[in-house]
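Between the sequences and the hints, there should be enough to build the whole structure, so can you do that?
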Amino acid sequence: MSREQLIWGIHEGRHGEAEELALDKGRISIGWHAMGDLSKLGPDRESFKNAVAKTFPEYKAGAVPVQAGQLYRFVHEMQPGDLVVLPAKRDRRIHIGRVDGHYEYVADAPNGYRNQRNVIWLVDLPRTTFTQGAL
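If you're matching positions, the sequence shown starts at 1 in our numbering and goes up one per residue.
Certain hints may be false.
[Stated by the list, open to error] Here are the simulated PhoX-like pairs of lysine-lysine, each with C-alpha atoms no more than 20 Å apart in a straight line:
id, residue 1, residue 2
1, K49, K60
2, K40, K89
3, K40, K54
[Unchecked claim] Listed next, with one range per pair, are the computed distances between beta-carbon atoms:
id, residue 1, residue 2, range
4, A61, V123, 38 to 44 Å
5, G36, R127, 32 to 38 Å
6, N111, E77, 20 to 26 Å
7, W121, K54, 33 to 39 Å
8, R98, T131, 32 to 38 Å
9, H15, H102, 24 to 30 Å
10, A61, I120, 37 to 43 Å
11, G26, A53, 31 to 37 Å
12, H33, P80, 21 to 27 Å
13, V123, Q79, 16 to 22 Å
14, L83, E58, 33 to 39 Å
15, Y105, R127, 18 to 24 Å
16, G26, K60, 32 to 38 Å
The set of hints was computed from the structure by calculation and includes no laboratory data.
Note that the Cβ used here is the ideal one computed from N, Cα and C, for glycine as well.
Below is the structure:
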């Protein structure tokens, strides 16, 4: 049985601080620099939950699985060939791309966006192409 192609919604920083990396260099990323190299964690959700709880003891118990799940999916569930949708702040366009690589930890990445994947951008569309609900 083949795996269905997934579509991932991504944001490159609360204020778009990682959009240059994504759009100009073809590298989608998530921050979480305090977590270190996520490939060193066990390949299961429990390992990610434990690491988030240890790294961020101030998080409420209900927030830990949500945050850990985001990290786990970026590392283990996202696959080459999946689509990504990025609503960019810098140009107010919706960028659609295809994941073109596995998870990588880039220790010297700008702004702490060390957890990365390659992406090939396919198209970008004006935000007005989409309904408010879709946005």
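Against the structure, the hints come out as follows:
1. The hinted pair formed by K49 and K60 meets the criterion: a straight-line CA distance of about 12 Å does not exceed 20 Å.
2. In summary, the hint linking K40 to K89 is not supported, as the alpha carbons are separated by about 32 Å, beyond the 20 Å threshold.
3. Among the hinted pairs, K40 with K54 is consistent with the structure: their alpha-carbon atoms are about 15 Å apart, no more than 20 Å.
4. Between A61 and V123 the beta carbon distance is about 41 Å. The supplied range of 38 to 44 Å therefore holds.
5. The beta-carbon spacing between G36 and R127, approximately 35 Å, falls within the hinted interval of 32 to 38 Å.
6. In this structure, N111 and E77 meet the distance hint of 20 to 26 Å, their C-beta atoms being roughly 24 Å apart.
7. The given range of 33 to 39 Å is respected by W121 and K54, whose C-beta atoms sit roughly 36 Å from each other.
8. Our hint of 32 to 38 Å for R98 and T131 is violated, since their Cβ atoms are close to 24 Å apart.
9. For H15 and H102, the Cβ-Cβ distance of about 28 Å falls inside the hinted range of 24 to 30 Å, so the restraint holds.
10. A hinted range of 37 to 43 Å for the beta carbons of A61 and I120 is consistent with their spacing of about 39 Å.
11. For G26 and A53, the Cβ-Cβ distance of about 33 Å falls inside the hinted range of 31 to 37 Å, so the restraint holds.
12. In this structure, H33 and P80 meet the distance hint of 21 to 27 Å, their C-beta atoms being roughly 24 Å apart.
13. Checked against the hint of 16 to 22 Å, the pair V123 and Q79 passes, with Cβ atoms roughly 20 Å apart.
14. For L83 paired with E58, a C-beta distance near 35 Å keeps the hint of 33 to 39 Å intact.
15. In this structure the hint that Y105 and R127 lie 18 to 24 Å apart at CB is violated, the actual value being about 32 Å.
16. Under the hint 32 to 38 Å, the C-beta atoms of G26 and K60, about 36 Å apart, fit the expected range.
Of the numbered hints given earlier, the model fails hints 2, 8, 15; all others are met.
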